[in-house]
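Residue numbers (numbering that gives the first Met the number 0), protein chains in the order written: chain A, 0 to 292; chain B, 0 to 316; chain C, 0 to 264.
Take the hints with a grain of salt, since some may be wrong.
To be verified - One side only, chain C facing chain A, incomplete, derived with CB under 7 Å:
| id | residue |
| --- | --- |
| 1 | SER4 |
| 2 | ALA105 |
| 3 | ALA107 |
Rather than coming from a laboratory, the hints here were simulated on the basis of the structure.
Treat the numbers as computed from the prediction; the structure is a model and nothing was measured.
Even glycine gets a Cβ: it sits at the ideal position worked out from N, Cα and C.
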Amino acid sequence: MSLIAFLGAVELGLVFAFVAIGVYLAFRILDFPDLTVDGSFPLGAAVAAVLIIAGWNPWLATAVAMVAGAAAGLVTATLNVKFRILNLLASILTMIALFSVNLRVMGRPNVALINQDTMLTPFYGLGLPDFYVRPLFIGVLAILAVFLVWRFLASDLGLAMRATGANPRMARAQGVKTSLHIYLGMALSNALVALGGSLFAQTNGFADVTSGVGTIVVGLAAVIIGETLFHSRLIIWALIGCVVGSVLYRIAIQLALSSDILGLKASDLNLVTAVLVAAALVLPRLRRGRAAA
Amino acid sequence: MKLLTAAAFAALVFAQPALARDVTVDVTAIVEHPALDAVRDGVKDALGEAGFKVGENLTFNYESAQGNPGTAAQIARQFIGNGPDVIVPISTPSAQAVVSGTRDIPVVFSAVTDPVGAQLVKDLKAPGGNVTGLSDLSPIGDHIALIKEILPNVKTVGVLFNPGETNSVTLVELLKTLGAEQGIAVVESPATRSSEVQNAARALAGRVDAIYVPTDNTIVSALESAVAVAVESKLPLFTADTDSVSRGAVAALGFNYYDVGKQTGAIVVRILNGEKPGDIPVNVAAGTDLVINPGAAEKIGLELPKAVVDRATKVIK
Amino acid sequence: MIELSNLSVVFGRGTPLEKQALSGLELKIEAGTFVTVIGSNGAGKSTMLGVLAGDVIPTSGRVVIGGRDVTRIATADRAKYVARVFQDPLTGSCGALTIEENLALAAARGRRRGLGLALGSIRRDEFRDRVAELKLGLENRMHDRMDLLSGGQRQALSLVMATLSGSEVLLLDEHTAALDPGMAEFVMELTQSLVDKHKLTTMMVTHSMRQALDYGSRTVMLHGGKVILDVVGESRKNLTIEDLIEMFRKARGGETLDDDALLVS
Numbered sequence: 000m001s002l003i004a005f006l007g008a009v010e011l012g013l014v015f016a017f018v019a020i021g022v023y024l025a026f027r028i029l030d031f032p033d034l035t036v037d038g039s040f041p042l043g044a045a046v047a048a049v050l051i052i053a054g055w056n057p058w059l060a061t062a063v064a065m066v067a068g069a070a071a072g073l074v075t076a077t078l079n080v081k082f083r084i085l086n087l088l089a090s091i092l093t094m095i096a097l098f099s100v101n102l103r104v105m106g107r108p109n110v111a112l113i114n115q116d117t118m119l120t121p122f123y124g125l126g127l128p129d130f131y132v133r134p135l136f137i138g139v140l141a142i143l144a145v146f147l148v149w150r151f152l153a154s155d156l157g158l159a160m161r162a163t164g165a166n167p168r169m170a171r172a173q174g175v176k177t178s179l180h181i182y183l184g185m186a187l188s189n190a191l192v193a194l195g196g197s198l199f200a201q202t203n204g205f206a207d208v209t210s211g212v213g214t215i216v217v218g219l220a221a222v223i224i225g226e227t228l229f230h231s232r233l234i235i236w237a238l239i240g241c242v243v244g245s246v247l248y249r250i251a252i253q254l255a256l257s258s259d260i261l262g263l264k265a266s267d268l269n270l271v272t273a274v275l276v277a278a279a280l281v282l283p284r285l286r287r288g289r290a291a292a
Numbered sequence: 000m001k002l003l004t005a006a007a008f009a010a011l012v013f014a015q016p017a018l019a020r021d022v023t024v025d026v027t028a029i030v031e032h033p034a035l036d037a038v039r040d041g042v043k044d045a046l047g048e049a050g051f052k053v054g055e056n057l058t059f060n061y062e063s064a065q066g067n068p069g070t071a072a073q074i075a076r077q078f079i080g081n082g083p084d085v086i087v088p089i090s091t092p093s094a095q096a097v098v099s100g101t102r103d104i105p106v107v108f109s110a111v112t113d114p115v116g117a118q119l120v121k122d123l124k125a126p127g128g129n130v131t132g133l134s135d136l137s138p139i140g141d142h143i144a145l146i147k148e149i150l151p152n153v154k155t156v157g158v159l160f161n162p163g164e165t166n167s168v169t170l171v172e173l174l175k176t177l178g179a180e181q182g183i184a185v186v187e188s189p190a191t192r193s194s195e196v197q198n199a200a201r202a203l204a205g206r207v208d209a210i211y212v213p214t215d216n217t218i219v220s221a222l223e224s225a226v227a228v229a230v231e232s233k234l235p236l237f238t239a240d241t242d243s244v245s246r247g248a249v250a251a252l253g254f255n256y257y258d259v260g261k262q263t264g265a266i267v268v269r270i271l272n273g274e275k276p277g278d279i280p281v282n283v284a285a286g287t288d289l290v291i292n293p294g295a296a297e298k299i300g301l302e303l304p305k306a307v308v309d310r311a312t313k314v315i316k
Numbered sequence: 000m001i002e003l004s005n006l007s008v009v010f011g012r013g014t015p016l017e018k019q020a021l022s023g024l025e026l027k028i029e030a031g032t033f034v035t036v037i038g039s040n041g042a043g044k045s046t047m048l049g050v051l052a053g054d055v056i057p058t059s060g061r062v063v064i065g066g067r068d069v070t071r072i073a074t075a076d077r078a079k080y081v082a083r084v085f086q087d088p089l090t091g092s093c094g095a096l097t098i099e100e101n102l103a104l105a106a107a108r109g110r111r112r113g114l115g116l117a118l119g120s121i122r123r124d125e126f127r128d129r130v131a132e133l134k135l136g137l138e139n140r141m142h143d144r145m146d147l148l149s150g151g152q153r154q155a156l157s158l159v160m161a162t163l164s165g166s167e168v169l170l171l172d173e174h175t176a177a178l179d180p181g182m183a184e185f186v187m188e189l190t191q192s193l194v195d196k197h198k199l200t201t202m203m204v205t206h207s208m209r210q211a212l213d214y215g216s217r218t219v220m221l222h223g224g225k226v227i228l229d230v231v232g233e234s235r236k237n238l239t240i241e242d243l244i245e246m247f248r249k250a251r252g253g254e255t256l257d258d259d260a261l262l263v264s
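Please model the entire structure based on the sequences and the hints provided.
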């Protein structure tokens with residue numbers, strides 16, 4: 000694997016680390032199987048791309064993209080909490096609706112950003128090659144996200160959100176407005192996913208409606224790989240696991256792409272992903288089995 | 000002296016293979032698809048005809064992103080890291096992923112409908128930089144002319160397309176503009192996935208005189224459902240993809256994507272031989288095949304004009 | 000302190016499964032009173048607790064706690080007045096959170112939860128002291144997840160949690176029923192001491208006649224969604240379990256009791 004390919008994998012892994020953290024919040028903290036992410040990822044890309052082309056500051060455009068993602072999460076939460084639609088189904092409805100919304104936002108299926116100034120542009124001129132700048136920049140943002148999310152989950156508000164997902168009846172008895180926390184958690188989760196989408200558009204030069212395909216699987220894979228690696232009950236390790244898991248996932252795929260020895264091609268990637276996730280699910284059980292024996 | 004001349008002559012004769020150092024060309028497409036695969040094969044054969052042969056002096060890598068732009072980005076980085084002599088991305092997202100990742104490796108894109116809109120190049124005539132390629136903007140004007148020739152009284156044409164495919168949206172807009180000039184109304188019927196194609200086709204029945212399918216990956220992959228509806232409602236189906244005619248379309252005027260690949264390969268060869276990509280203008284692919292299916296026409300009670308039959312490059316029996 | 004007036008609850012109204020769980024129940028409890036509640040299955044004990052906690056919205060009638068009409072106030076919103084310990088230890092505390100996180104969650108009951116750290120060093124020390132008072136050694140396991148503890152340990156901690164945020168009312172829903180006899184005894188002693196210490200207005204539903212008479216200062220028996228027996232003071236002091244059963248039989252018009260209707264222990 001070449002250095003550029005390796006750093007490229009790290010960079011993409013870091014972009015998807017935001018997705019993984021979002022998926023962790025929904026699936027693990029809130030216990031809300033949320034497929035909205037397949038729509039909020041391209042939504043983040045679309046909103047950021049359109050605003051950047053309209054001449055907005057890329058940082059501001061990215062912030063608005065996150066707000067759009069949060070709004071998507073709120074729609075899913077509303078369908079679930081207010082209209083009592085099953086959580087998974089509610090998220091599928093939003094995901095499908097977002098396909099049309101994303102097309103409306105962009106006005107066409109693909110918006111190019113290749114010649115636009117992005118959040119990264121000011122850093123390209125500092126002497127380092129681009130393929131170093133991108134993972135470094137996104138890495139700093141990812142560390143920041145891990146810290147902020149960890150700090151949030153350690154606050155009174157975050158604790159209430161964790162209780163909402165883990166034991167809603169107890170949470171209500173402790174004065175926690177559980178529906179409020181589902182709204183808040185879903186907004187936060189999808190804002191992070193949209194941030195990932197916005198960064199994807201800015202580092203790869205385009206926003207495309209199809210770029211949401213399989214986002215949820217990639218996010219889940221990262222969460223599970225991280226959990227398997229660190230198998231710690233502590234939130235901070237779970238969050239770091241999201242980042243490391245996401246990067247490892249991309250490196251594994253890059254290996255599959257670059258190794259002629261294994262004879263793997265891109266068309267085998269879905270299988271590689273399935274094997275990775277299955278392995279990550281089975282390994283802890285094997286380890287426990289051995290410990291018990 | 001004589002010896003020297005002979006040596007020089009020999010050098011000239013063998014110049015091609017001798018100068019043709021070992022080269023690497025990396026090709027990627029967004030998805031596996033008969034048309035896109037044909038482009039890839041065309042590129043490979045064009046290289047072979049120019050003396051760059053796989054197994055001898057050419058390393059030819061191909062990866063498909065399986066329809067996932069995330070994977071496309073990763074393949075782009077993989078290829079850029081390999082540092083090949085030329086990268087050939089087929090389709091818009093693949094091309095954008097490659098172009099955004101390198102400013103020095105020569106890139107020759109193919110099967111991109113609107114290279115300027117996709118920000119791959121700033122100017123078709125003088126691309127500059129490291130990028131050039133071939134556009135496959137369908138000759139929509141010719142398509143309309145063909146439909147009018149076969150159906151002189153045509154008033155409305157329904158178009159089946161996936162609003163999620165950027166190439167299709169460009170083509171539909173062009174179709175509406177050019178159609179309006181010819182007094183033909185265009186009715187859009189979108190399908191975002193192959194399972195929706197049948198319903199989208201049904202929505203056109205009774206409202207249009209003909210159905211038209213542009214080079215749209217989603218619709219083409221489920222063409223049989225559109226054909227079934229067309230036959231049932233006695234509507235002629237025209238396509239921009241010539242392979243679709245054997246699957247039941249009445250007629251198609253379209254690129255032979257293998258030829259598109261060969262034209263793309265010719266640009267790659269020029270770069271391998273020392274030309275700068277920035278100096279090579281982006282051209283629209285040349286040459287269209289007219290393929291007709293009289294059997295399909297007969298099924299809906301339509302007779303193809305003799306002029307069309309005579310002109311056809313290929314007649315499906 | 001607590002006033003339940005003309006309280007009726009009908010479940011599944013208009014369906015074949017319609018059930019009148021409470022019918023015109025009246026009950027008034029003075030501040031600081033520890034009331035034990037008994038009654039056969041389906042008498043309405045759990046429904047009454049549910050109405051007090053906010054889980055069940057009554058079909059008619061009024062619920063007043065500390066002078067505030069809370070009849071239509073949601074569970075989470077009235078949690079600041081009402082603390083609760085459930086029968087199932089897994090319900091009352093959060094297994095996925097650590098001991099100190101559970102305590103922090105309870106300590107913030109009734110307050111606005113903000114972005115401040117849930118566990119600062121001051122709070123940590125305070126929680127450790129409170130847990131140390133249990134003398135269960137749990138003060139050294141503050142970072143352990145709740146689901147590593149036994150049912151009895153969890154119920155004891157649930158009681159501590161109930162007293163952290165100054166609620167005036169404590170609802171106990173057979174909170175020792177799932178414990179072994181030794182642990183049940185410990186939890187009851189702890190209950191009594193905490194109730195005394197914090198002067199809580201307490202309502203304890205129990206299946207045990209012994210508990211009903213040994214703890215608290217007033218005993219209420221429910222049947223058919225109504226209060227059928229209410230004893231306090233001298234008449235309660237002299238009451239034996241046998242008397243209680245006899246009174247119960249009388250109240251019901253002489254019918255014999257099923258074994259599982261009342262637990263004599």
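Subject >> Numbered hints the structure breaks, given as an ascending list >> reply: 1
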